[in-house]
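For the record, the sequence lines run as chains A and B. The opening position of the first sequence corresponds to residue 1 in this note's numbering, with each subsequent residue numbered one higher. The opening position of the second sequence corresponds to residue 1 in this note's numbering, with each subsequent residue numbered one higher.
Just so you know, these hints were derived from the structure itself, not from any lab. Please note that a few of the clues may not be correct.
[Unchecked claim] Output of the computed footprint for chain B on chain A, the stretches with three or more beta carbons under 8 Å from beta carbons of chain B:
1) 18-26
2) 124-138
[Stated by the list, open to error] To give a feel for the contact side, a few chain B residues facing chain A, derived at Cβ under 7 Å:
3) Ser43
4) Ala159
5) Glu180
6) Val187
7) Val235
8) Thr239
9) Val288
10) Phe290
11) Pro296
12) Ala321
13) Phe325
Predicted model only: the values in this text are computed from it and were never measured. From the three backbone atoms N, C-alpha and C, an ideal C-beta is built for every residue, glycine too.
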Amino acid sequence: MTVPAARRVAVVGAGPAGLSAAHAALAAGARVTLIDAAEEPGGQYHRTVPETYGPQRPVRLQHGWRAFERRRRRVLAHPRCTWLPRTSVWALEQPQPEHEGPPRLHLLCAGPADGAGRTRHTLDVDALVLAVGAHDRVLPFPGWQLPGVCTAGAAQALAKGERVAVGERVVVAGSGPFLLPVAASLLDVGSRVLEVLEANTAATTARGWGRRPWELAAQAGKAVELAGHAAVLARHRVPYRTGRAVVEARGDGRVEEVVTARLRADWSVLDGTRRTLAVDTVCVSHGFSPQLELPLAAGCALDERPAPRCGPAGDGGADDARKSGRSGSLGAFVRVDEQQRTSVPWVFAAGEITGIAGAPSARAEGAVAGWSAATGGSTPRDPGRRRALRALRRSRDQGRAFAERLARAHPIGAAWPGWLRPQTVVCRCEETDYGSLCAAFATEAGSASRVAKLNTRAGLGPCQGRICGPTVAELRRRFLGDAPERPAEGLPRADPHRRPIAQPVRLGELAAPSAPLTDPGRRPEEESSS
Amino acid sequence: MNGTRAVVLGAGIIGAACARELALAGAAVTVVDRGGPAAATTSHGEGNVLVSDKGPGPELALAQLSRELWPTVLTQVAERSAEGHRAAQAAEWDPKGGIVVATTSAGAHALARFADSQRSAGVRAEPLAPEALREAEPYVTREHTAAVHYGEDAQVQPAGAATALLTDALAAGAALRGGEEVCSGVVRGGRLTGVRTTHGLLEADLFVNAAGPWSGALAARLGAPVGVEPRRGDVLVTTPQPPTVFHKVYDADYVGSVGSGEEESQTSAVVESTRAGSLLIGSSRRRVGFDDRLRPEVLSAVAAKALRLFPSLARVPVMRAYGGFRPYVADHLPVIGADPRLPGLWHASGHEGAGIGLSVGTGRLLLHLVRGEPPPVDAAAFRVDRPAVLRPRQYQQQETT
Ligand SMILES: Cc1cc2nc3c(=O)[nH]c(=O)nc-3n(C[C@H](O)[C@H](O)[C@H](O)COP(=O)(O)OP(=O)(O)OC[C@H]3O[C@@H](n4cnc5c(N)ncnc54)[C@H](O)[C@@H]3O)c2cc1C
Ligand SMILES: Cc1cc2nc3c(=O)[nH]c(=O)nc-3n(C[C@H](O)[C@H](O)[C@H](O)COP(=O)(O)OP(=O)(O)OC[C@H]3O[C@@H](n4cnc5c(N)ncnc54)[C@H](O)[C@@H]3O)c2cc1C
């Protein structure tokens, strides 16, 4: 791109990636508008206790807190930075084809006081950095719709953000290293964690983590952090079991017990290994789902990452994918290049939306994205800067290698639908069960994704398929094969992540006219009062 | 029609309805679609089955025929097969009735006149006094100037309705070929005898162009272009609500905007609740080609119109927006009949914003025309050989001068 350097940069999301993007863009001389739906920067990782809760020590388990605090203060206090808290980007509007530049941002800004009367604004910038993160992915199992079953992320948010324990007798189950910090923060607020269950077998995780161990060295911080969590669990005598999962939750009106079972490498249940356990809460997480609605709205191309497969004798290679019949997928992520550029000019992406690799990697990506957005990706003249950028890229690449390793060590086993029964709810909002979905896919005249969705209502409820969308897409793939559906001219491809309205907007807010934020340097309140 | 081979081009609701009638009449039917059945326009709109928005004339007659057919057709579908039973259920037929509300005095006059004319054509249109309106729709605006109740208006879930019709066609022996695009025609002795698709050659005695807003492009590929173009519409969906809207409620200027073809954006409000509790709020009419980019200001205009009808909905969250492309003909009438230029080619298209409602009547009408029987409604107005279809450019120029 030979376009002059972009000076006005909008960063959506103030998690580790976004904050670091804002920081880097400011350092490169840009004017930055940093936007987050939350009250405070920090995202999922540095979830802060709101200041109104009084001066409280930051959660003990918070890693890298001081560095985060420093960066936060620097960014927010910077004269070229506008910080828009409690502001949702509810839509991105692509420009006319002949118009070069990123999409226009449509914002809903909460007033200084809480809640009432959000106002609609538009913002036009020269470059846009999307750093909107991920939410946790949960696979369905019989009884998962019962009160008392919650996502591990929600439990952690309660513990970290409000210091509230979700339950007294808790099982944490699913897959991935994330289970450890969740269990640790539950212990921290006084829950009794009975077990932590990792669905992947010890062999799968060992193979995933063990190969090319030098890649891990760079993520030593992460390893130390996880070791810390593991030590906390050990101190509280919480067993950590691999190759076991919660395959059913039962209870009258809410969870009273769970059924756990040993799993094979492909997550099929081993006969005779079911156990019941009395609990009042189950926290589950089977990995993360990137929040792709804004990237899709901007028109960014996605990459579908093939899942490593692990059969009993497999090593996760392509061969296993073939053997297992259908190639699974880790899901889709935003495609970015070396500079964190997406396929859309002047739109950059960083953090969990490009791959799940943890906060350090999100920070590195954010810094590269912020620099690129502010400069168009030119190489800095100053040798010190050049070195710094090189170091960032290195750290970003190490993050990517880590992400891949993480995915290999904690894949989703292909046989999980074996846990389902025809009456098992798949879409919790609309109570669509597995049987109706199978029937819809089996109906020749109604098997198109969109049509099956409308006919079964799976994904049409208030969460808009954020929870069940990827699951339904995967079940359909199993039923009907991988052939991609052809979109009709002009109509969007069926995609579980497509939500043109990225955040709910009230009819009254939508009906009211929107005012442009002409100078990203001033807050909306100032605009309207001038 | 035993032995007649028919190929229906397009598996939207119109193709499904035509395939069903032809298959039930004994034809050997194949339905081809380049995408998945019902996945295009049919699942990107709303499901109003209306007589209320049509003035006396051929389209109203087709709407009345369709309105009469819908419940019987869905019962037949449900009885023929287990799949059909499920599909008919998913069609969510709901004869809830419609209420048209005017909010200006000019609107009130126009509405009263319009309803008078409809009554003379056999439409049930009952003026609602303010108390009666309040009873029927407690949350509707107090600022109305007139209201008319249309007891015949109904609603379906369009994708479900299309699935039901096509499932029935398949149960009657039709074959479906999805993911197969029609590329060109094979003409022998001046007659269309086959179409070439991405998968090979399909030969038949008759071909029905039911390609929705792509009908114009498809017909051109077959050598007989018709003036069917896309007209964009956007719909808002709210989170599930406790019962607040009980009929299909729309503002009286809806009627005005259906009948106009200007390129700039027009909006009018139709508010309805779905079985799951969400409110559907439509819609806009824009001539922007196949441009799917979200236009928040268009959505804003739709929301503003809806609030004029239901001011108390201001705090209701919109959780989704979607839109599609209505198959539009410059004179706002569908195209149903044989193509005089190319024997073997038939058209069933151009239903604009009423194709869901009109589908079953269209299928029935087409069957009669194919068999050469007297049609159940006058089909002359829908013939292919009319200026808006064959010479759309000149037609539009004439209209604007
Ligand atoms: C629920 C959850 C809990 C986690 N807990 C841990 C943990 O304990 N330990 C650990 O090592 N890793 C944890 N992770 C992973 C870690 O949070 C990520 O690696 C890291 O936060 C990714 O940073 P990010 O900047 O990409 O995204 P995030 O930190 O998720 O930040 C994204 C930000 O974007 C904002 N946003 C999104 N959409 C919009 C919009 N439309 N408008 C305005 N703002 C928007 C969000 O409010 C959020 O603040 C957790 C992840 C999740 C999802
Ligand atoms: C926002 C909106 C709201 C609406 N509201 C209503 C309403 O309330 N009530 C109502 O009655 N109607 C409504 N409509 C109109 C209605 O949706 C359409 O009239 C109807 O769906 C048209 O159906 P169809 O079968 O003609 O077209 P489609 O459903 O588009 O089907 C055409 C099919 O042809 C296929 N095709 C195209 N080209 C080729 C090719 N070359 N080869 C093979 N296959 C091809 C396509 O893939 C497609 O599946 C609305 C429309 C919109 C956009």
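Of the numbered hints stated previously, which ones are contradicted by the structure, given in increasing order? Violated hints (numbers, rising): 1, 2, 5, 6, 7 and 9; every other hint is consistent with the structure.
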